[in-house]
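There are 4 protein chains.
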Amino acid sequence: MPLTPEQQAEIDAQRATPRPTLRAVSEGMEAHLYKASEVLDHGFVRVIDYMGDDNAIVQAARVSYGAGTKHVSNDEGLIRYLMRHWHSTPFEMCEIKLHVKLPVFVARQWIRHRTANVNEYSARYSILDREFYIPQPDALAAQSTVNNQGRGEVLTGAEAERVLEILKSDAGRSYDHYEEMLSQDGQQGLARELARMNLPANIYTQWYWKVDLHNLFHFLRLRADAHAQYEIRVYADAICEMVKDWVPFAYAAFEDYRMGGVTLSSKAVDCLKRMLKGEDVTQETSGMSKGEWREFQAAIA
Amino acid sequence: MPLTPEQQAEIDAQRATPRPTLRAVSEGMEAHLYKASEVLDHGFVRVIDYMGDDNAIVQAARVSYGAGTKHVSNDEGLIRYLMRHWHSTPFEMCEIKLHVKLPVFVARQWIRHRTANVNEYSARYSILDREFYIPQPDALAAQSTVNNQGRGEVLTGAEAERVLEILKSDAGRSYDHYEEMLSQDGQQGLARELARMNLPANIYTQWYWKVDLHNLFHFLRLRADAHAQYEIRVYADAICEMVKDWVPFAYAAFEDYRMGGVTLSSKAVDCLKRMLKGEDVTQETSGMSKGEWREFQAAIA
Amino acid sequence: MPLTPEQQAEIDAQRATPRPTLRAVSEGMEAHLYKASEVLDHGFVRVIDYMGDDNAIVQAARVSYGAGTKHVSNDEGLIRYLMRHWHSTPFEMCEIKLHVKLPVFVARQWIRHRTANVNEYSARYSILDREFYIPQPDALAAQSTVNNQGRGEVLTGAEAERVLEILKSDAGRSYDHYEEMLSQDGQQGLARELARMNLPANIYTQWYWKVDLHNLFHFLRLRADAHAQYEIRVYADAICEMVKDWVPFAYAAFEDYRMGGVTLSSKAVDCLKRMLKGEDVTQETSGMSKGEWREFQAAIA
Amino acid sequence: MPLTPEQQAEIDAQRATPRPTLRAVSEGMEAHLYKASEVLDHGFVRVIDYMGDDNAIVQAARVSYGAGTKHVSNDEGLIRYLMRHWHSTPFEMCEIKLHVKLPVFVARQWIRHRTANVNEYSARYSILDREFYIPQPDALAAQSTVNNQGRGEVLTGAEAERVLEILKSDAGRSYDHYEEMLSQDGQQGLARELARMNLPANIYTQWYWKVDLHNLFHFLRLRADAHAQYEIRVYADAICEMVKDWVPFAYAAFEDYRMGGVTLSSKAVDCLKRMLKGEDVTQETSGMSKGEWREFQAAIA
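Residue numbers (the numbering used here), protein chains in the order written: chain A, 641 to 941; chain E, 641 to 941; chain Y, 641 to 941; chain P, 641 to 941.
Some hints here could point you the wrong way.
For chains that are exact copies, the list does not tell them apart, and a pair is met inside one copy or across any two.
Computed list of lysine to aspartate or glutamate pairs in DMTMM-like fashion (alpha-carbon distance at most 20 Å, straight line) [unchecked claim]:
no. : residue 1 : residue 2
1   : Lys907    : Glu716
2   : Lys907    : Asp681
3   : Lys913    : Glu935
4   : Lys808    : Glu819
Since the hints were derived computationally from the structure, they do not count as laboratory data.
Predicted model, so just to flag it, every value in this text is computed and none were measured.
In isolation and in its complexed conformation, chain A is listed as follows:
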């Protein structure tokens, strides 16, 4: 249970007092505001603030394209057109601010998305809590034998038990030692900025993360993808649920053109044309490498 009673009380208070605004309001998003969507064993994502809605995207596009957009009859059609033609600037006109609690090794992947604003909890200033990510049994996977960066089957039996025992006991011991080094009881106490180095990467941190919708879609395309590491994908999935309610037209277009979309190389397009004409194309006659051919087959089979 990631939320303390104090946190839940604070959320309840924030949700109890609506105020009037003249700004664009997304009803779907208002329902999510401040509520924590629980992720992994101690993590969460919650929306702290947002700017804009589907209409804000349309409004910005109409500034840019003026009369040029009039022939697209409705807002949904225009949003689909923008997404299909990679007109990204109107999507940048929406912004979201999230509060995320997440393991450090997930945070390290996440932060590689540079076009965002971040305020992370600082372990130089303050002491981290005793909270570590320990995978559920069904997330305890073996190294993939075919993919260098992937997972294979779920571990079971004695091996699974050994792994969980190691993760739990090492986390506990590290945190005991962290407290012991920090302690000013009968000793000076090590600087916080040094003591934190003993903590493993499954400890939880938290941050405020603010990003525009275009860059958020880029994040979601990579991190809600089947090839993303499970532990970041569950955060991306939780965010998808919020975005779907925030900007339903934009999210639907994103699902169709990005998440479910496929990019084919010019070689692949050539093969496709030949196949549609009835030719029997094989890897040997495709001009593609074995890897490319395998991925092409997976995309269209």
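Let chain A serve as the given structure and place chains E, Y and P on it in line with the hints.
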């Protein structure tokens, strides 16, 4: 008068319908929303949307610095501390979206601030309006004789008249020719993306511009500065009036530490220390070049 | 002829004096260094400096992916893999600095690519030259009747003559007036930062533009595309010729996966699968709008 | 000793084969290329590539400011002028690529500088080495009692011994368990992307980091500062030594105006003016808070 009756009616309608929200609300900014602040002869700035307020800055800082910020007794003190110590990330947690109508030569300076989102009116898609910036008599300045990028005295008499006559007649003729080339009356009509090349840089364009508060302060520091070109400074000044009402603590800290602040080199600090001890320091004994000494004198005199 | 004898002499001097370096050297790019590739009537692109080569991409990827990349047998295969799987960071490890002379209306499109470094000639500081883009007859196109932002047939006869006459005489007159307003002969002379506003958007400016290879590819994909405006496409085409010699493997992968690549929506992929199974799919049974269907047909026909 | 004989041999080979180039060459930087500057117990920084030199900054400025820069008589003076007046774009025209080996908790601070390109070693793909940062005795500091994010006295005696013992034994045990979980000897072996979560933040990682000179100076101002954490400051210091030899004029200006510079608020400037006139100003009459006054005193005393 930059606003048409239609635009004014649209603004009135937008302002007439407050809706409830659970988000942070800045009362000061709500009063500005959608209203056009008139700038130059046909330009304006108006706030389309905003995210956050002074409290959002504090809230983000407290996530980062945790217990480390508790000793700063109040929100204003914390915001001043953050500004003084260049802790910029909490200020990035506020965002503003503006609708700006401005001459193209001003837009060209403005766009050099890269960390922002922009949707500009496209003259490839649509036809520009017949609106040109013609300076007021008191803005019609001679080239500075001391500063390569500055202005000197205001032009008067026959010279001023000649300049205004040129600007007006060239603008008018260019626009006539623009329409003539575009016309499909008895001819094919030149492509819009080509015809626009005949229009001078004082024609008005417009855009939506979205930026976070940290980057907005950077823009304002450079563009509301006395050395900025007058025609962009008036836009920066108009935005300052909005920001002052949006985030009053942050704006006051910005004024004190950035707009009114002075950066001294290590050489200048050395001189200052000697001067405070009663020594009579001259340019020759300062170690500074003439230019640096002149600027140093201006800063502390 | 865009280059003055002085400029040509400077280029010759720069090219005459090779110096030893321990850095990665791209022979293909050395052959381009400093040489101006002429574009439009007075413009050019020339490479001022570069960092890295194909091997630098591979080297960076091997830092990231370590043993994970060993099974990819060669550099070209690895680069193709990176491009196909959108692993963009290794491509960011190469950098290029260009000197570009271009009409202002082209510069205004170009600058929208924000992730780059720019030093543009300042008309506040200095006086612009009398050089304007006047289209060649075969670039003088009518407005497209089907595409709001496109061109149709080439104008001919009296209409073409009238357009060229307008463009030439307006440019000339604007520049005469620019000089007249700036003149300090018997008058004070208008400030340069004001006088420039009278100049039309086909006047030439110039800048240094520095960008990493990943962002350059993004620029080239959009601007060397058939839908880009002709006047920026010719610059993109000229840059393509340089990049091809600089990083031949990366450029070939870019051509195959990006320039010649096609992105299909999930709806389009579904249709494709049905078509490959022999089903006769029409727009009505495709689930796509007419516009999407038309684009889909164009992609695979 | 951070470098293996293999690495040293590779460096020697790279340094043995100069090649001719027509690009700008910085002799000072050539002497650093590829050589590892050792930092902390297992870390290093080494220059992999660079673009530009002092002259490249001047050259870019002269494109921008044209005739406006002619009155500045020499390159050093112009560079100092640019630095003093915050004209940052010419400094962006130089670029550097570093190979850095550093503890993860240092990497986490470093990566917050977003305007850079990074390729980090991936522990999803590959196995990390058994190398941990263990502080030297004189870096083993107590928590500061006055500064929430600072260090106080150096720990000694039994407390220091206990801390070192904890850091060493926890690191060793974590790594043993990491290997044990990964092992495929008689078991499936945990996925690398999961096993890494057990490793503490003092384990070493490595990356290629590419940044322009303007953003590098920003990094160095914050991280070579006395208030930066010691473990990142030593990296910044090592980089300073390289930059000093790469762009000596720019580095000297950076030292004078940024590292050694002081920013005063408008309140502080007012006090200073009063003090220079002989007035005895105290905190009570200064209008500053106690904290501001203390910092002001420290700056000018």
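Hints, verified against the model:
With identical chains, the CA atoms of Lys907 and Glu716 are at most 20 Å apart between copies only, with a shortest distance of 16 Å across copies and 33 Å within one. Proximity of Lys907 and Asp681 under a CA criterion of 20 Å is satisfied in neither setting, with 45 Å inside one chain copy and 36 Å between copies. Taking CA atoms no more than 20 Å apart as the test, Lys913 paired with Glu935 passes in both settings, with 17 Å inside one copy and 15 Å between copies. Within a single copy, Lys808 and Glu819 get their C-alpha atoms as close as 17 Å, and across copies as close as 16 Å, so both meet the 20 Å cut-off.
Violated hint: 2 only; the structure is consistent with all others.
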